Every structure is written in structure tokens, then in C-alpha cells.
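Asks: Those protein sequences? They're chains A and B, same order as listed.
Under this note's numbering, think of the first position of the first sequence as 5, with each following residue one higher.
Under this note's numbering, think of the first position of the second sequence as 195, with each following residue one higher.
Take the hints with a grain of salt, since some may be wrong.
Claimed, not checked - As a list, the in silico DSS-like pairs of lysine-lysine whose alpha-carbon atoms are at most 30 Å apart:
{"id": "1", "chain 1": "A", "residue 1": "LYS57", "chain 2": "B", "residue 2": "LYS301"}
{"id": "2", "chain 1": "A", "residue 1": "LYS45", "chain 2": "A", "residue 2": "LYS26"}
{"id": "3", "chain 1": "A", "residue 1": "LYS26", "chain 2": "A", "residue 2": "LYS44"}
{"id": "4", "chain 1": "B", "residue 1": "LYS301", "chain 2": "A", "residue 2": "LYS23"}
{"id": "5", "chain 1": "A", "residue 1": "LYS23", "chain 2": "A", "residue 2": "LYS42"}
{"id": "6", "chain 1": "A", "residue 1": "LYS22", "chain 2": "B", "residue 2": "LYS291"}
{"id": "7", "chain 1": "A", "residue 1": "LYS22", "chain 2": "A", "residue 2": "LYS45"}
{"id": "8", "chain 1": "A", "residue 1": "LYS13", "chain 2": "A", "residue 2": "LYS44"}
{"id": "9", "chain 1": "B", "residue 1": "LYS291", "chain 2": "A", "residue 2": "LYS57"}
{"id": "10", "chain 1": "B", "residue 1": "LYS291", "chain 2": "A", "residue 2": "LYS45"}
{"id": "11", "chain 1": "A", "residue 1": "LYS44", "chain 2": "A", "residue 2": "LYS23"}
{"id": "12", "chain 1": "A", "residue 1": "LYS26", "chain 2": "A", "residue 2": "LYS57"}
{"id": "13", "chain 1": "B", "residue 1": "LYS301", "chain 2": "B", "residue 2": "LYS291"}
{"id": "14", "chain 1": "B", "residue 1": "LYS263", "chain 2": "B", "residue 2": "LYS301"}
{"id": "15", "chain 1": "A", "residue 1": "LYS45", "chain 2": "A", "residue 2": "LYS13"}
{"id": "16", "chain 1": "A", "residue 1": "LYS13", "chain 2": "A", "residue 2": "LYS42"}
{"id": "17", "chain 1": "A", "residue 1": "LYS42", "chain 2": "B", "residue 2": "LYS301"}
{"id": "18", "chain 1": "A", "residue 1": "LYS57", "chain 2": "A", "residue 2": "LYS13"}
{"id": "19", "chain 1": "A", "residue 1": "LYS42", "chain 2": "A", "residue 2": "LYS22"}
{"id": "20", "chain 1": "B", "residue 1": "LYS263", "chain 2": "A", "residue 2": "LYS13"}
{"id": "21", "chain 1": "B", "residue 1": "LYS291", "chain 2": "A", "residue 2": "LYS44"}
{"id": "22", "chain 1": "A", "residue 1": "LYS22", "chain 2": "B", "residue 2": "LYS301"}
{"id": "23", "chain 1": "A", "residue 1": "LYS22", "chain 2": "B", "residue 2": "LYS263"}
{"id": "24", "chain 1": "B", "residue 1": "LYS263", "chain 2": "A", "residue 2": "LYS26"}
{"id": "25", "chain 1": "A", "residue 1": "LYS22", "chain 2": "A", "residue 2": "LYS44"}
{"id": "26", "chain 1": "B", "residue 1": "LYS197", "chain 2": "A", "residue 2": "LYS44"}
{"id": "27", "chain 1": "A", "residue 1": "LYS23", "chain 2": "B", "residue 2": "LYS263"}
{"id": "28", "chain 1": "A", "residue 1": "LYS13", "chain 2": "A", "residue 2": "LYS23"}
{"id": "29", "chain 1": "A", "residue 1": "LYS45", "chain 2": "A", "residue 2": "LYS23"}
{"id": "30", "chain 1": "A", "residue 1": "LYS22", "chain 2": "B", "residue 2": "LYS197"}
{"id": "31", "chain 1": "B", "residue 1": "LYS197", "chain 2": "B", "residue 2": "LYS301"}
{"id": "32", "chain 1": "B", "residue 1": "LYS263", "chain 2": "B", "residue 2": "LYS197"}
{"id": "33", "chain 1": "A", "residue 1": "LYS42", "chain 2": "A", "residue 2": "LYS57"}
{"id": "34", "chain 1": "B", "residue 1": "LYS197", "chain 2": "A", "residue 2": "LYS57"}
{"id": "35", "chain 1": "B", "residue 1": "LYS263", "chain 2": "A", "residue 2": "LYS45"}
{"id": "36", "chain 1": "A", "residue 1": "LYS13", "chain 2": "B", "residue 2": "LYS291"}
{"id": "37", "chain 1": "A", "residue 1": "LYS57", "chain 2": "A", "residue 2": "LYS45"}
{"id": "38", "chain 1": "A", "residue 1": "LYS26", "chain 2": "A", "residue 2": "LYS42"}
{"id": "39", "chain 1": "A", "residue 1": "LYS23", "chain 2": "B", "residue 2": "LYS197"}
Derived from the structure by calculation, the hints contain no laboratory data.
From a predicted model like this one, the values you see are computed outputs, not experimental measurements.
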Amino acid sequence: DTEVTQTPKHLVMGMTNKKSLKCEQHMGHRAMYWYKQKAKKPPELMFVYSYEKLSINESVPSRFSPECPNSSLLNLHLHALQPEDSALYLCASSQEGPRVGGYTFGSGTRLTVV
Amino acid sequence: DAKTTQPNSMESNEEEPVHLPCNHSTISGTDYIHWYRQLPSQGPEYVIHGLTSNVNNRMASLAIAEDRKSSTLILHRATLRDAAVYYCILMPSGTYKYIFGTGTRLKVLA
């Protein structure tokens, strides 16, 4: 299995809702990531988990809350989002460090906040 | 974080080679050079990476300048399926921090 699976593929939520994005990989990768991508822009790093511990938080607002329950799963909990948070949310995983190879990205969750 | 500079867009004819340039004049000695591409409505896809020597794989070749201040991704025969945004990224050794630049949008003409 060489894929990163993200669910759901599309999500529409109101500003008072609570929802979660899920990401799963079974490649034995020990680093997992969340990126946010607005239309026609490059992906922006949000969070990095290494060995199930949060190692990088790129000053993301607290309405985004990541969770890594085990080495295969990564969640992003969403609460009280704003319309400007509408974007494609990408999950990725990798082996340790840049020598071994690249990241494997999922196809993303397209989030619309209304 | 060291930055990369790429042309906003390039065009190529189908079945011809494509050379995608990337400047990274502030690269440090331990930064790896990674290339990704992103097809419409998909997540980025790893293409190739290197440190100092030129690299080849089934998708592409990576040519790295001797001073490492620039690199070129080479697609040997462009197909319509290669139309995508190509990102050149520097990855410091010992970190997990990919910072994407603006990338080059490649258009392949039939």
C-alpha cells in the first residue's frame, strides 16, 4: 500500500460546526503532515508530527487542532472556522529526513466554510 | 528558510524535452533539492531529489549546478499528462520542513 488516504474528499461546514478531517497511511512512515492550499497558490505547511508527537506548528490558529492517535492515523479537528479557511487540506507522510525520498501526499479534502 | 525562484509558466511541445529551471542562490551545504509536481485536483507528487550529483529516475532527471545555486528538472519526452505545476523545494537535512515556492505551471501542447 503506497497511498495516503484522506476522508472526506469534500466537506461543507457552517461556522459554528465541529468537524474532523482524517488521514491514513500504511507505509510505515513515521512523519505526517498537514498542509493548506488556497486556489492557485502553493501548499502551506500547518503541522508536522514525528513519531506521533507534534514537532512543528506553523503558528496555526487554535480553531485547527491536530491529533495523531497512532503511527498510521492523523486527524485535523475543526471548530469555529471562518469562510477564509475554505481551502484544500492536504495530508502527507514520509520516512525520516530528506535523504530517503519524498513525501507521499493524499488527494486532499476540499473544505468549504459557509 | 532558503528560498527557490522558478519561472511562473513554461510551454513545451508534446514529445519534446523540457528543462525546468530553479534558482536557489541561498542554498546551504546540507540542503537537499526536491522536485514535486501537482496535477489538477490532486495532491503534489514526488518527482526526484538530489544533494550534489545529477540524478535520474523513471520520471525525470535532475541536473544540479556545480555550485548548487541552481538546478534543472529535465523531462525527456513531455506528454500531455505532464501538464502540471512543478515545485522546486529545498529541504534542510535533519528537518521535516518543506516550504513550497510558487512553482512553474507547465503547459504541454499537442
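Asks: Determine for every hint whether it applies to the structure shown.
Replies: For each hint, the structure was consulted:
For the hint linking LYS57/A to LYS301/B, the alpha-carbon distance of about 40 Å lies beyond 30 Å, and the restraint is violated. Distance restraint check for LYS45/A and LYS26/A: the Cα-Cα separation of roughly 23 Å lies within the 30 Å cut-off, and the hinted pair is therefore satisfied. Taking the CA atoms of LYS26/A and LYS44/A, the gap is near 24 Å; set against the 30 Å cutoff, the hint holds. Between the alpha carbons of LYS301/B and LYS23/A the distance comes to roughly 37 Å, so the proposed pair goes past 30 Å and is violated.
The suggested pairing of LYS23/A with LYS42/A holds, with an alpha-carbon distance near 19 Å, which does not exceed 30 Å. With a CA separation close to 28 Å, the supplied pair LYS22/A and LYS291/B stays within the 30 Å bound. Under the criterion of a C-alpha separation no larger than 30 Å, the hint pairing LYS22/A with LYS45/A is consistent with the structure, at around 26 Å. Taking the CA atoms of LYS13/A and LYS44/A, the gap is about 19 Å. The hint holds against a cut of 30 Å.
A distance of roughly 15 Å separates the Cα atoms of LYS291/B and LYS57/A; the hinted pair therefore holds under the 30 Å criterion. Pair hint LYS291/B plus LYS45/A holds up; C-alpha atoms about 18 Å apart against a cutoff of 30 Å. Our distance criterion of 30 Å between C-alpha atoms is met by LYS44/A and LYS23/A, whose separation comes to about 25 Å. Taking the CA atoms of LYS26/A and LYS57/A, the gap is about 17 Å. The hint holds against a cut of 30 Å.
Between LYS301/B and LYS291/B the CA atoms are separated by roughly 29 Å; this keeps the pair inside 30 Å, and the hint holds. Taken as a hint, the LYS263/B and LYS301/B pair is honoured in the structure, with Cα atoms around 26 Å apart against an allowance of 30 Å. Between LYS45/A and LYS13/A the CA atoms are separated by roughly 19 Å; this keeps the pair inside 30 Å, and the hint holds. Taken as a hint, the LYS13/A and LYS42/A pair is honoured in the structure, with Cα atoms around 16 Å apart against an allowance of 30 Å.
Taking the CA atoms of LYS42/A and LYS301/B, the gap is about 21 Å. The hint holds against a cut of 30 Å. For the hint pairing LYS57/A with LYS13/A, the CA-to-CA distance comes to about 26 Å; that is within 30 Å, so the pair holds. For the suggested pair LYS42/A and LYS22/A, the alpha carbons sit about 21 Å apart, so the restraint of at most 30 Å is met. For a cut-off of 30 Å, the pair hint linking LYS263/B to LYS13/A is broken: about 39 Å separates their Cα positions.
With a CA separation close to 21 Å, the supplied pair LYS291/B and LYS44/A stays within the 30 Å bound. With a C-alpha separation of about 40 Å, the suggested pairing of LYS22/A with LYS301/B is violated against the 30 Å cut-off. With a C-alpha separation of about 46 Å, the suggested pair LYS22/A and LYS263/B falls outside the 30 Å cut-off, and the hint is violated. Only pairs whose Cα atoms come within 30 Å are accepted, and LYS263/B paired with LYS26/A is rejected, the gap being roughly 39 Å.
In summary, the hint linking LYS22/A to LYS44/A is supported, as the alpha carbons are separated by about 27 Å, within the 30 Å threshold. For a cut-off of 30 Å, the pair hint linking LYS197/B to LYS44/A stands: about 19 Å separates their Cα positions. Under the criterion of a C-alpha separation no larger than 30 Å, the hint pairing LYS23/A with LYS263/B is inconsistent with the structure, at around 44 Å. Taken as a hint, the LYS13/A and LYS23/A pair is honoured in the structure, with Cα atoms around 13 Å apart against an allowance of 30 Å.
A distance of roughly 24 Å separates the Cα atoms of LYS45/A and LYS23/A; the hinted pair therefore holds under the 30 Å criterion. Between LYS22/A and LYS197/B the CA atoms are separated by roughly 36 Å; this puts the pair beyond 30 Å, and the hint is violated. Straight-line distance between C-alpha atoms of LYS197/B and LYS301/B comes to about 24 Å, which keeps the hinted pair within the 30 Å bound. Proximity of LYS263/B to LYS197/B is assessed by CA-CA distance (about 11 Å); at most 30 Å being required, the pair is judged to hold.
The suggested pairing of LYS42/A with LYS57/A holds, with an alpha-carbon distance near 27 Å, which does not exceed 30 Å. For the suggested pair LYS197/B and LYS57/A, the alpha carbons sit about 27 Å apart, so the restraint of at most 30 Å is met. Between LYS263/B and LYS45/A, the direct Cα distance comes to roughly 24 Å. Compliance with the 30 Å bound is thereby established for this hinted pair. Under the criterion of a C-alpha separation no larger than 30 Å, the hint pairing LYS13/A with LYS291/B is consistent with the structure, at around 25 Å.
For the proposed pair LYS57/A and LYS45/A, the alpha carbon gap of about 28 Å is at most 30 Å, so the pair holds. The hinted pair formed by LYS26/A and LYS42/A meets the criterion: a straight-line CA distance of about 19 Å does not exceed 30 Å. For the suggested pair LYS23/A and LYS197/B, the alpha carbons sit about 35 Å apart, so the restraint of at most 30 Å is broken.
When held up to the earlier numbered hints, the structure conflicts with 1, 4, 20, 22, 23, 24, 27, 30 and 39 and fits the remainder.
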